[in-house]
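Chemist: The listed protein sequences derive, respectively, from chains A and B.
All residue numbers for the first sequence refer to numbering that gives the first Met the number 0, where the first residue is 0 and numbers rise by one.
All residue numbers for the second sequence refer to numbering that gives the first Met the number 0, where the first residue is 0 and numbers rise by one.
Be aware that a few hints might be false.
The list treats identical chains as one, so a pair stands whether inside a single copy or across any two.
[Said to hold, decoys possible] Pairs of lysine to aspartate or glutamate residues, derived as EDC-like cross-links and limited to a Cα-Cα distance of at most 20 Å, are as follows:
1. 73 / 390
2. 481 / 305
3. 98 / 390
4. 104 / 353
5. 186 / 453
6. 354 / 75
7. 354 / 66
8. 186 / 114
9. 484 / 430
10. 73 / 355
11. 275 / 478
Honestly, the hints are just simulated from the structure, not real lab data.
2 protein chains.
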Amino acid sequence: MRKFAAEKSKNLLAHRKICAVSLQHPTASVFSSQSHHNPLPQSSILLRFLSSAASNPSAPSESMASDYSSTPIKIDSINPKVLECEYAVRGEIVNLAQKLQEDLKVNPDSHPFDEIIYCNIGNPQSLGQQPITFFREVLALCDHPAILDKGETQGIFSADSIERAFQILDQIPGRATGAYSHSQGIKGLRDTICSGIEARDGFPADPNDIFLTDGASPAVHMMMQLLIRSENDGILCPIPQYPLYSASIALHGGSLVPYYLDEATGWGLEVSDVKKQLETARSKGIDVRALVVINPGNPTGQVLAESNQQQIVDFCKNEGLVLLADEVYQENIYAPDKQFHSFKKVARSMGYGEKDISLVSFQSVSKGYYGECGKRGGYMEVTGFAPEIREQMYKLASVNLCSNISGQILASLVMSPPKVGDESYESYTAERDGILSSLARRAKTLEDALNSLEGVTCNRAEGAMYLFPRISLPNKAIEAAKFVKTAPDAFYARRLLNATGVVVVPGSGFGQVPGTWHFRCTILPQEDRISAIVSRLTDFHKAFMDEYRD
Amino acid sequence: MRKFAAEKSKNLLAHRKICAVSLQHPTASVFSSQSHHNPLPQSSILLRFLSSAASNPSAPSESMASDYSSTPIKIDSINPKVLECEYAVRGEIVNLAQKLQEDLKVNPDSHPFDEIIYCNIGNPQSLGQQPITFFREVLALCDHPAILDKGETQGIFSADSIERAFQILDQIPGRATGAYSHSQGIKGLRDTICSGIEARDGFPADPNDIFLTDGASPAVHMMMQLLIRSENDGILCPIPQYPLYSASIALHGGSLVPYYLDEATGWGLEVSDVKKQLETARSKGIDVRALVVINPGNPTGQVLAESNQQQIVDFCKNEGLVLLADEVYQENIYAPDKQFHSFKKVARSMGYGEKDISLVSFQSVSKGYYGECGKRGGYMEVTGFAPEIREQMYKLASVNLCSNISGQILASLVMSPPKVGDESYESYTAERDGILSSLARRAKTLEDALNSLEGVTCNRAEGAMYLFPRISLPNKAIEAAKFVKTAPDAFYARRLLNATGVVVVPGSGFGQVPGTWHFRCTILPQEDRISAIVSRLTDFHKAFMDEYRD
């Protein structure tokens, strides 16, 4: 039986008292990132990677402090919002993994495994996924247009990549791929993206609504910067959440207002629960400004049903909230009975127009089947903001001049891939479908393997790139974790890494119902590696449970 | 005779009273970006593009407000720091230029010129500068490594570009140019950059000190985010300054503490003046945390003498200030009697080691002779910060995952261009020297032309990409500007644009001694366009002075 979310979060905070050295805000449901300007990280009540309390790299040691005693900046004199921000996806566990990797380089026999497998982050190409050929052909030609006219080029590039490169160059003033663009991105590329959005949704899209960005992260930061004035401003975020949101809210000095996804119903989003959390926050004087929805979910992998999305749209409309829709996994759908619907399509289908609801959709070239994380391309589509607000967004974009042009080009390509009849069409679809079907198989294999482990339950990954299994840890393991001042799931993840070389992120980095423990594991290792991972994980888990079984 | 800087800034603020609707902080020398949380932009006392008071795009009109009345976010409910931030380089004058350009598209005879010439921003390739071939060859090959082994590739790429691409791919784990990298950037590329720094300075550089970033702007933001806790934290900035600094300080809620460059001595930096400004700020309770130095200067073009740099280093050391050295124009030196010295080299030459002084050097691929603005590559070299502070910087970098890989590769290339004996060496040096010598000629031609105009004096551009002439405007012109509620130099720039199509940025966007008027004009239009610009500018100026002469 599910508890009410408000009660859950009270429990969560109560639990956190155990882990945090000094907890300043024992409020029920609002995580303020400011902690009344208390400068030390231990006093933060933000979602954090609890294990860091044990070996916090930001805690000054005597020797360090004395070495740099004549430099002006001390740990207690930097911006406390920076101290309070946490980002578990690249937290302590990854530092340990990098250390182990260095060990293996020096001595391949130094650990009971021969390689580190990074399942901590959605970074497909780091695990061997190959880029989509057509996209890379076009990027290379736009980088070096001087070869476009050469005979040799036709021998090594597809005809449609050459044609597309010419089209794109024609859209760039002066064909200058090395010039700053319009602050929102090259207009012609935004036109292309809008055509893609229109084809996806069946509703018009306006290039003036598109802000091209270096991946989705800067777009999220820009919206937080715009919306957050002080710790009295709140942003509703799912728990578990992708820690970019908690980090960005902390850095901008706002308050994260959590709402819980229901693990028992496949990480369902219950609008009545969200409303309760909203009301609790409001009763504490928090001005809740926006609702973050991640669909498909990260780290949870659920794909929202359209009817649920309609409820969310109505809720935001009725409560005067900006809907921040993280839709970066829109191409990553594995469950045959599930389909991605953009929130804009849902809102427009309900009859809500531009002036009825404020909606931001985030998209990225890092995810999808293309997984071009290193290219740092992405965009946000911004609708339902008055022109004077849009001017402020434009100004913010201008202060950073523009996003990188290769990323801009790639963002346009993923929204307008080869079409039937294009030379690359067949190879493109083969590459795309090969990746997506393999990801679906990998998700299923890992899910089944996890569900077969003692005390582990794992919802299916309907979409996105992750599994987020729940592990019922024996009391002895929880005590052992407490003894080393580490969250139990971080303790588990660290033991897993040390035993197998497999890197996962503890659930405490994403937030979870108090007393439950999880980890996030990507489904991204190449298919021929999956069985090895399953057997390493199974052996480790069995041994761990044997060691700590009550 | 120069006045004291403190008095100057008092005058500046007094002057601003005329232009700003309600001035909150009549303090002598500190520009707070917070204005006690007064949300309306008119109350800001930050450096701003004064003309925007007349037609502020962020001022809500009746019709706009009513159209979006049912959306939740209003102009007076967004983050006031965003409202107060200004960025003149892409301000109102550029919006007007874009409008005129649209007019010309529809009707080529709609204005007394046939094209807009953007001299407002350091964006070389937008004005026809060609990229360096070798750099683009390597980027294209890294984008599409599948062609590296093809026979045709040798026909259209230089041998050393192919070799370099192989080298770079070998430095990237899994050769994955589409993967997120280490948060500070790919280690092998940081090694290459350090070799370049060592060759430049003659002192060791550590790859752990390098943070690769999407251009220099995000690096500046990261340092401001780290250093600024509240409006009581101040950053010393030159006036005139590049408005990224005032914008970033405003967005992070700090106070800009101005120090004046002396136009009469070629924009000299007098450390005794900086010290006075520091003391004035401190006497008002401002905790001054860092000194920004832009060398070569933007918008002022001066190249600091080594002895002056030594004084600055000692000043920062003695006063406990972080030295933020904007060195993005380090390759752009035109005066034969001037030479670039990095602040790190100067500090190390003086015997100051890693633990003696906190120093950050910003570098970018956008500037130099390569001018690759659209690639968004750059780095900062961070020295003299304790490990626990560095951990916080690493965390900030991690929240945004990494900078774009093409930009990272390019940042390594500009620090390690072809060497004697490489196939590309001759063509590379010809391209580089052609650009730099042409820029030097353009700077001189424009400087001479400006100095020949009535009431205009212009210091030479010893480096960087700009001229910043002073214009003595007739009282009648100043009155006319007041009448339309515009700063006199913005009035002049607008008239210049409307008459000639040449876009410059008014000096008020950078800051200037009160009662003086300037504009910033890049030296970047291609050489065959310079004489046309000179004649348009000369004709306009003559007519303007004839119209307004007292």
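Chemist: Work down the list of hints and note, for each, if the structure agrees.
Modeler: Hints and how they fare:
1. In this homomeric assembly, residue 73 and residue 390 come within 20 Å of each other (Cα to Cα) only across copies, at 12 Å, whereas the closest approach inside a single copy is 38 Å.
2. Proximity of residue 481 to residue 305 under the C-alpha cut-off of 20 Å is found in neither arrangement, the shortest distances being 43 Å within a copy and 57 Å between copies.
3. Proximity of residue 98 and residue 390 under a CA criterion of 20 Å is satisfied inter-copy only: 16 Å between copies versus 46 Å inside one chain copy.
4. Taking the closest pair of Cα atoms, residue 104 and residue 353 never come within 20 Å of each other, the shortest separation being 56 Å inside a single copy and 29 Å across copies.
5. Proximity of residue 186 and residue 453 under a CA criterion of 20 Å is satisfied in neither setting, with 55 Å inside one chain copy and 41 Å between copies.
6. Within a single copy, residue 354 and residue 75 get their C-alpha atoms only as close as 46 Å, which misses the 20 Å cut-off; across copies the closest is 18 Å, which meets it.
7. In this assembly of identical chains, the alpha carbons of residue 354 and residue 66 lie at most 20 Å apart only when taken from different copies (7 Å versus 58 Å within one copy).
8. In the homo-oligomer, the alpha carbons of residue 186 and residue 114 lie at most 20 Å apart only across protomers (19 Å), although the nearest pairing inside one protomer, at 45 Å, exceeds that limit.
9. Taking CA atoms no more than 20 Å apart as the test, residue 484 paired with residue 430 passes in neither setting, with 46 Å inside one copy and 60 Å between copies.
10. Taking identical chains as interchangeable, the C-alpha atoms of residue 73 and residue 355 lie at most 20 Å apart only when they sit on different chains, with a minimum of 14 Å there against 48 Å within one chain.
11. Neither within a single protomer nor between protomers do residue 275 and residue 478 lie at most 20 Å apart by alpha-carbon distance, with minima of 34 Å and 59 Å respectively.
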